[in-house]
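Visitor: The primary structure of each chain is shown beneath.
There are 2 protein chains.
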Amino acid sequence: MTDPLRLGIAGLGTVGVGTVKIIRQKANLLAARAGRPIQITAVSARTKDKDRGVNLSDYAWENDPVALAQRDDVDVFVELMGGSEGAAKDATEAAINAGKDVVTANKALLAHHGHELALSAEAAGRVIRFEAAVAGGIPVIKALSEGLAGNDITRVMGVMNGTCNYILTRMQSAGLPYAEVFEEANQLGYLEADPTLDVGGIDAGHKLSLLAAIAFGTQVNFDAVELEGIEKITIQDIHHAADMGYRIKLLGVCQMTGRGLEQRMSPCLVPDNSPLGQLEGGTNMCVLEGDNVEQIVLRGPGAGMGPTASAVMGDVMDIARGFRMPVFGRPAAELECAKPARAVMPAPYYLRLGLEDKPGTLAKVAAVLGEAGVSIDRMRQYQHDDSTAPVLIVTHKTTRAALDSALETMSRLDVMTAEPVALRIESV
Amino acid sequence: MTDPLRLGIAGLGTVGVGTVKIIRQKANLLAARAGRPIQITAVSARTKDKDRGVNLSDYAWENDPVALAQRDDVDVFVELMGGSEGAAKDATEAAINAGKDVVTANKALLAHHGHELALSAEAAGRVIRFEAAVAGGIPVIKALSEGLAGNDITRVMGVMNGTCNYILTRMQSAGLPYAEVFEEANQLGYLEADPTLDVGGIDAGHKLSLLAAIAFGTQVNFDAVELEGIEKITIQDIHHAADMGYRIKLLGVCQMTGRGLEQRMSPCLVPDNSPLGQLEGGTNMCVLEGDNVEQIVLRGPGAGMGPTASAVMGDVMDIARGFRMPVFGRPAAELECAKPARAVMPAPYYLRLGLEDKPGTLAKVAAVLGEAGVSIDRMRQYQHDDSTAPVLIVTHKTTRAALDSALETMSRLDVMTAEPVALRIESV
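Just so you know, the sequences run in chain order F and L.
If you're matching positions, the first sequence starts at 1 in UniProt numbering and goes up one per residue.
If you're matching positions, the second sequence starts at 1 in UniProt numbering and goes up one per residue.
One or more hints might be untrue.
If several chains are the same, the list does not tell them apart, and a pair holds so long as it fits within one copy or across any two.
To be verified - EDC-like, lysine to aspartate or glutamate: derived pairs with alpha carbons at most 20 Å apart:
hint	residue 1	residue 2
1	K26	E336
2	K339	D152
3	K26	E294
4	K21	D152
These are calculated hints, taken from the structure and not from any lab test.
Please construct the entire structure, taking both the sequences and the accompanying hints into account.
Guide: Right under this line is the structure:
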């Protein structure tokens, strides 16, 4: 197999341009490693006439990514447009129907349509690879689906949205409130056009749903991911957590339980001396746990031209070398449709309550928790200036169901002046 | 390709038994992931009659691993015996000559004979995979040779001997001297029969030489690894380093420089708040740096039945899936024979000197350093009870050559009461 591998690249934003650059700059190295040349034959993007800092004149231009995907001189369709619907979906389907392999960085597309795309790709004998869709430059898809293929995966965790981690660590280091750091991140261009994708946990949830499918042999089910964003995290939460030896992270966790597949993307407390707790800024981290390997931790840049293009090229090189496997590690037709489960495993929780500053309110709240079977490990009431008394409670291990029932009862007590915040303390 | 993949396993120690267990316990999972059954057809070990806690009666027994390697009903020879010469080498060569693929955990074999074995395997169209030979359960070979295949690798670092890291972190946490912790590790069975393999840095050096070959496209050259063990590290060194915000680690570093390939395995100081600095106990860590991916850090168990067998199975599954590539990531016949270079990049160094407690000695030492162009960042003389004055110096960035020249001159000064210790402060 020494024929060139011919790529059609759709999307010439940061990642697309980064990929073109690598292929232009490292032709000899890539050919030596793959055993065959890697070539770009055609590209497409929304605007043709734009200086992208890279010479595209050697490649055919297509205005329509679907036409690109169907070209006879394209072996691999490299989808770097983004978006779960529209052009990215149409062109990916067209590529599969035209008998092309696909490399994509599009987590939204796969989170929403991954199972159907995998079924049709596998029926057509094609592969879809998506290392760049999860955790940027970290080769986590490869580690999970190939390196740990001899394990029953027991749990996968990850901090996989660099923007959220930037916001949370910056709040802590600079002592600034959420709104201010959010605005700062916006100015720096860190946020998606729709910032809910970042701070609402959606982008990271997309990634988690892909890891869960590989880890547990289940159909991608993004709709079943329990999503909580970081918008409600206050600088006080961060300080309180730090006082107790924790950091707050937007943490994805998935595990298979007796009651079904748990997929959560939510702010959690993790010990400040753990690898997850020590993760600063925009860096990503994935924690893979298996019955044999115990725990593997992977850390690296979650975004950016070089790292993401590096992940795209890892997939391209695998295809060039002839590595072929089912999209999610085993045939899509055999993937189970897992029953979704809410947080099943008991854990301690951090609760922030705003109570009316009147005699007896704290006792009422404590009684409600006790009746729901939630026992209190630590409780503090903080000094305050207004009529709301901020109360922090760390519970002993409890189920989320018991906690939710207590919070529900509390909300009817008429002593709460603010929506309570409950954050899981995850054992890492 | 749905025929079973048939394994012959040579060596039934911890890793061999762990591998047999995984294949027995996960037959369905492995077959679903590989698209074909994974079977063991034959095994061999030194002693047949021994309870290994696993049922071996389904497999043919061979006393001679060479005979095992040549069996018609073996597709993949799994070499888990260890040792760079003798049976492991003979059987691996026999397997290649008989047209078998090879999976091995044997770092010594590959460090000494990897290039020749790769040449003959590739001439015969066979693969050799060795994930388990480096950093236990961490899929670092895969990350480096596949995941980062779109990068020029700029530097690879690693803490890859769990025993040494256990000894160094235990000295620090318990405040115990080297000899005592060494004895403790010995009692716990952490040390090789020849402990120099561990504490002399040889085992970790073997691993580093394999990573260097993949990273830089060069022939494995273990003899060119600059080796320094941890035997000379005192509890004082550890305390002094901690005072300055550093930890001492047996750190492997390889990088290609203008003067040749640098491969070093030696105790180094790293910042205590870096991932490497925070690595405790027997855990391993590899740091991979590439021009596009920036930096990827991988952390996991460096030894043990489950983790090492997990790595063996990753390789077996790759072969079952039909993944085939050159042993060191590009054809062995094309690998360059790199010129070895000593530590080329300037760095600050930590120096511990024992000086005669007489007026003027410190001035003499400082003068020697100055003449060699080595400038002093910090210097301390510690309280002492005997006639030797312990002096610590942290230099500004200097070349190893300038430092060695200064140390050479000092040794002729007649004021040194002990062999000086020089540890590089590595920027991580």
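Visitor: Now tell me if each hint is right for this structure.
Guide: A quick look at each hint next to the structure:
For a Cα distance limit of 20 Å, the shortest separation of K26 from E336 across copies, 17 Å, qualifies, whereas the shortest one inside one copy, 41 Å, does not. When the C-alpha separation of K339 and D152 is checked against a cutoff of 20 Å, the pair qualifies only within one copy, where the shortest distance is 18 Å, while the shortest distance between copies is 44 Å. For a Cα distance limit of 20 Å, the shortest separation of K26 from E294 across copies, 16 Å, qualifies, whereas the shortest one inside one copy, 37 Å, does not. Proximity of K21 to D152 under the C-alpha cut-off of 20 Å is restricted to the inter-copy arrangement: shortest distance 13 Å between copies versus 39 Å within a copy.
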